[in-house]
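Q: Listed below, chain by chain, are the residues.
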Amino acid sequence: MTDGQTIAKGRKSADWLKHLVIGGILLIEMFPFYMMLQISFKDNAMFNRSPWLPAWITSWHWENWIFGARLVTPYLANTVFISVSATVGSIVIAVMGAYFFARYRMPFSGILWSAFLVLMLMPGVANIVPLFLLLKEMHLLNTLWALVILGVAGGQVFNIYVLRNFIEDIPKDLFEAAEIDGASHFQQIMNVVIPLSGSIIGTLAILTFLGSWNDFLMPLIVLRDRQLFPLGVGLIYLDGEPVKEWGRTMATYFLASLPLIILFLFTMKLFVRGLSAGAIKG
Amino acid sequence: MNREKIMNLIGLTLLAACFAMALTRVFSRTATHLGSDVVTIRFAHYQLESGVRGAFDAIAREYEKIHPGVVVEQMSIPENVYPTWTVTQLAGGTAPDLIEYGPSTGSDERLARYFQPLTEWVGSPNPYNKGTSLEKTPWRQTFLDGLTGWPNYNTNLLEIYGMPNTVVTIRFFYNRDLYRKITGNETLPRTYQEFIEVCRKVEQDGERITGHKVVPIAGSKSNAPRITESLFCGQVQKLWAQYQGDDLRQANGNEAVLRFAVLKHKLSLYDPAIQSAYQITHDAGQYMQPGFMQLNREDAVFTFTQGNALMIATGSYDTVSLTSQAPFEIGVFPVPSPTRDDPVYGKFVFGPATEAGAPTQGSFLLYMESKHKQQALDFLRFMTSQKMNALFAAKSGWLPAVIGVDVDEKMKPFMPEMDGYINGFRPYWGADTYRVIDNNQYLLLGSDGSVKKFLDALGKDFDAALVSDSQSVNKTSRNNLLRQDIALASYMQLSRQNAVPAAAKKVSELNEIETKLELDLDDGILEMNELGFPPMK
Amino acid sequence: MPATLSPRKALHEWQLYLFLVPSLVLVATFMYFPAASAIYHSFFDWQGGDAARFTGLANYRRVLNDVVLWRSFETIGILIIANIIKLIPSILLAVLIHRLGSEKWQYWYRVLLVLPMIVPGLVRLFIWKFFFDPNFGILNKVLDFTGGKTLLIALDHHFLRWGIFHAGVPVPWLSESHLIVPSLIIWGFPWIGTVGVLIYLAGLQSIGTEVYEAADLDGVNSFQKFIHIELPLIMTQVRLSLVLLIIGTLQGFGLQFLLLGANGGAGGSGMVPGLWMFNRAFSAGEFGYACALGMVLFIFILALTLLNNKYVRVEK
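Order-wise, the sequence lines are chains A, B and C. Heads up, the first sequence is in the working numbering, so the first residue is 1 and it goes up one at a time. Heads up, the second sequence is in the working numbering, so the first residue is 1 and it goes up one at a time. Heads up, the third sequence is in the working numbering, so the first residue is 1 and it goes up one at a time.
Derived from the structure by calculation, the hints contain no laboratory data. You may find that some hints are simply not true.
[Said to hold, decoys possible] Beta-carbon label-pair distances, calculated as ranges:
#1 62(A) <-> 209(B): 37 to 45 angstroms
#2 179(A) <-> 2(B): 50 to 58 angstroms
#3 136(B) <-> 48(A): 35 to 43 angstroms
#4 93(B) <-> 117(A): 34 to 42 angstroms
#5 228(C) <-> 45(A): 52 to 60 angstroms
#6 448(B) <-> 228(C): 54 to 62 angstroms
#7 80(C) <-> 217(A): 56 to 64 angstroms
#8 217(A) <-> 244(C): 53 to 61 angstroms
#9 225(A) <-> 148(C): 33 to 41 angstroms
#10 226(A) <-> 434(B): 31 to 39 angstroms
#11 209(B) <-> 111(C): 42 to 50 angstroms
#12 111(C) <-> 428(B): 55 to 63 angstroms
Values in this document were obtained by computation on a predicted structure and should not be read as measured data. In this text, a Cβ means the ideal position worked out from N, Cα and C, and glycines have one as well.
Can you build the whole structure from these sequences, using the hints too?
A: Structure (structure tokens):
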């Protein structure tokens, strides 16, 4: 008892140093955030005069935000469309695929599984060129569908890998009980797999969503029309403007970050838990 | 339901709502595009300068007014992604109908492969010039330079590919207030000597007078060459004339002659004229900020507009940007050159060079696979008519490319100066030599740079690069020939069958082109063989 | 483990194969087919159109002599080493947070950590690019303010002799050949990978308090605790991070593309293998050669991955 208390006290006294260090690091991490915010209200001249401190509230340039909003909204619509479609499609198909591998050891499943695994080892770098040309042959260039399909296809291997492990851990009795009750495989997925794998599916969904949201390379080379651009490409174009209005640019960046921040505030617990669970499994 | 589940549910509903909105937006857009008889012409460019986009827009609207059922769409691509964008669009077959000539569109390969030669249409008058003095003038002759060279006329392929919108001249922009303060008067330098005097004054007195460091010239990796190249060319005027023989009047001389002279060691980089040219480059560089070769155009513009530099050299296209960004009055004068009686640099020059050859630029190329080729061609005619070019010049603040367009007072100093001598050559003979020179440039410029250090360092690398570049030229020539062969053969066949009336004429045209190409190629191969190098890579 | 079945049952369950079909089709079309196509086209001189001229091994011969490529491998080597070193702050931070007494603080810090990570990758990148801007950027302003600039000028003058740091001239971080690699290394300060920290934290949590109490009784100090208790237990995660990092860095080029452009920046100092492949394909239009480059890169990375996998499994 007393030993525990002494030890606990001993640990607490050294804590302030840790807090200092961690706080310091967090401050640096938050610094870009702060800069983004306070610059977004200035114009170039104001920023040049006083780069560090926020400007007086009366001199704030709210129109930077209007500019940002007008720029970001069409891109946002495209990005939401692509990311959500790709995530939903990817998860649904991956669950089905993982179910195949996890439920029974069907003939040839060994070979098929190796086929999937090999792809995990394969770096994507060699694929960009042929992928572009494949899309050209399929007349999918300059469409959003191309990006959705690529998003779905790209996520398969990792998602199936993780999901298979998870589904295999579900006790077989649950499946057998459902089967005895006359459930088809589809119903077994709906009633057994999904409820139990909720957290891991959620995590995978978020990861897939993030991956799709941040992608800029394929959209850059696949799309031509400005109205089809997702956020990534839109931001690249913004960066290429010769005369940079930093205030406007920062407002645009902030607005581009906002949707993800909102999403995370809602799903945060899920994500953190999901990551930790995945980590312990190793 | 506990709090967490509620939060998740709200989150999901929000997401679903956003998705629904996004969906409607995406699909409503595609709906308006399909199912319409609207012909859409798209043109892409990378001129993001203020005013230019507006000017193009105005022209597009005017065109739509007289052509209902046609929509003209402007696509502005930032310069940093322009090469990637154009290559992917061209390779993917989704390119817009008109593309601006720019980095990565200009190679012979790319031009011949993806773009429609316009030569057959430039001989007839532009119908949109009806009612003006240019009514009966062939389209080609309506431009200030008659489309006789880069970038519009390709000398290897012997075809016209581009239709321009502007002409570019280089000038020195200077800070009038600062100039008055430091030199005490308003007289502008007319010769190189006077120019250096002004620079020296700024260096000596600038800080004392203004209270902060002032650099004479704002340099950068893009602005510095404007000055140094002009000075370089001036020094090699006589040398160039030597090699061109009687062909002095041609704006674009034969650079192959020079290339082979260097390869055969008949002409060396240590030739006094060339050394002097590099020397003057070094001298001019002394008056720019230290480390200027690493800076970008925006950095130089920033230095100038903040009043930390007296002058900046750039093209006429920057007038609007500079005047709008600078809080002081800006004046303009041409890049001065040494006169014949200059003690150090006079002996190599004839005199100031003419700007008659100032190429018309901002050109648009016609995509070969365009779905509305005739319409796009028509739009090109419209855009380059006198009336529309005048509109363009007025709205963008750029110089016009078409003859007879009035230029407003502000832009008058930028109009090309026709009087003058031919210019010399620039020290670049291809991609590899460019790279070698670029890598060693710091030995020439910079405060402890010298011509000797630079030339010594170039040494073997430069020779190897020159060989490589010559091989590339041969390879390109051969490929061009191969391409022309196919066209020639088909036209010959057509003409034999009397299937297409114009075929016979085309055959004789192509024969002429082929002969020239073959001769050039043979020369190239011969020279390389003589030197003991494989003619192509 | 999936249940084994009798052949008869397997036949009965044939519909299960249908469940796999979508995945298989997608993966075959968009991953296997392009890979095969890349291998095929690497033997051609191809600019992306219909015509491709068979050139056999010419592309590969060119790869072997490609100066730019081998130089880019050097650059990426430096970057990999730098990235490995950059793993350390994440580990240290995880340990620090883990050692905090109060559970509540641990939770809050975790939340605060996730926040910067949410900022989309591109936005973070562009904000960092802004930091590097010579005229408006924060890095130069900080250097001027703290006197770091004077230090750099002195360093340059006496030691480096690069001639790039001058008084009164803004430091061109991304447009000066010598500074590009340092810029790429500095990028991302303080180098906390939030996902990494969270995963390490999760791993550390499995360490029971008894272990710490025992160590305290033995008089073990903080540093030794780190080396002997914490590090070994998160080793698997660290190793995984390492593998992912090496492979990711080797093939990555997005960072360089966005910061420096398709040519790798001034003097091509930022050219990395992936970017060179992208450049040859999408800036020069040499698709056949780009495929060959891709193949070479792929074999390189595959070899490394297999090596790593073997090594990692054995340790487990």
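Q: Look at each hint and say if it fits the structure.
A: Verification of the supplied hints:
1. Separation of residue 62(A) from residue 209(B) is about 41 angstroms and conforms to the stated range, judged on CB atoms against 37 to 45 angstroms.
2. Checked against the hint of 50 to 58 angstroms, the pair residue 179(A) and residue 2(B) fails, with Cβ atoms roughly 33 angstroms apart.
3. The hinted range of 35 to 43 angstroms is not satisfied by residue 136(B) and residue 48(A), whose Cβ atoms lie roughly 55 angstroms apart.
4. Look at residue 93(B) against residue 117(A): about 36 angstroms separates their beta carbons, and that is inside 34 to 42 angstroms.
5. Under the hint 52 to 60 angstroms, the C-beta atoms of residue 228(C) and residue 45(A), about 58 angstroms apart, fit the expected range.
6. A beta carbon spacing of about 55 angstroms between residue 448(B) and residue 228(C) agrees with the range 54 to 62 angstroms that was offered as a hint.
7. Checking the proposed 56 to 64 angstroms range against residue 80(C) and residue 217(A) shows it is violated: the Cβ atoms sit about 21 angstroms from each other.
8. As the Cβ distance of residue 217(A) to residue 244(C) is approximately 19 angstroms, the hint placing it in 53 to 61 angstroms is violated.
9. About 46 angstroms separates the C-beta atoms of residue 225(A) and residue 148(C), a value inconsistent with the hinted range of 33 to 41 angstroms.
10. For residue 226(A) paired with residue 434(B), a C-beta distance near 33 angstroms keeps the hint of 31 to 39 angstroms intact.
11. Here the CB-CB span from residue 209(B) to residue 111(C) is close to 57 angstroms, at odds with the stated 42 to 50 angstroms.
12. Taken as a hint, the range 55 to 63 angstroms holds for the pair residue 111(C) and residue 428(B), whose Cβ atoms sit roughly 57 angstroms apart.
Hint violations for this structure: numbers 2, 3, 7, 8, 9, 11, all remaining hints satisfied.
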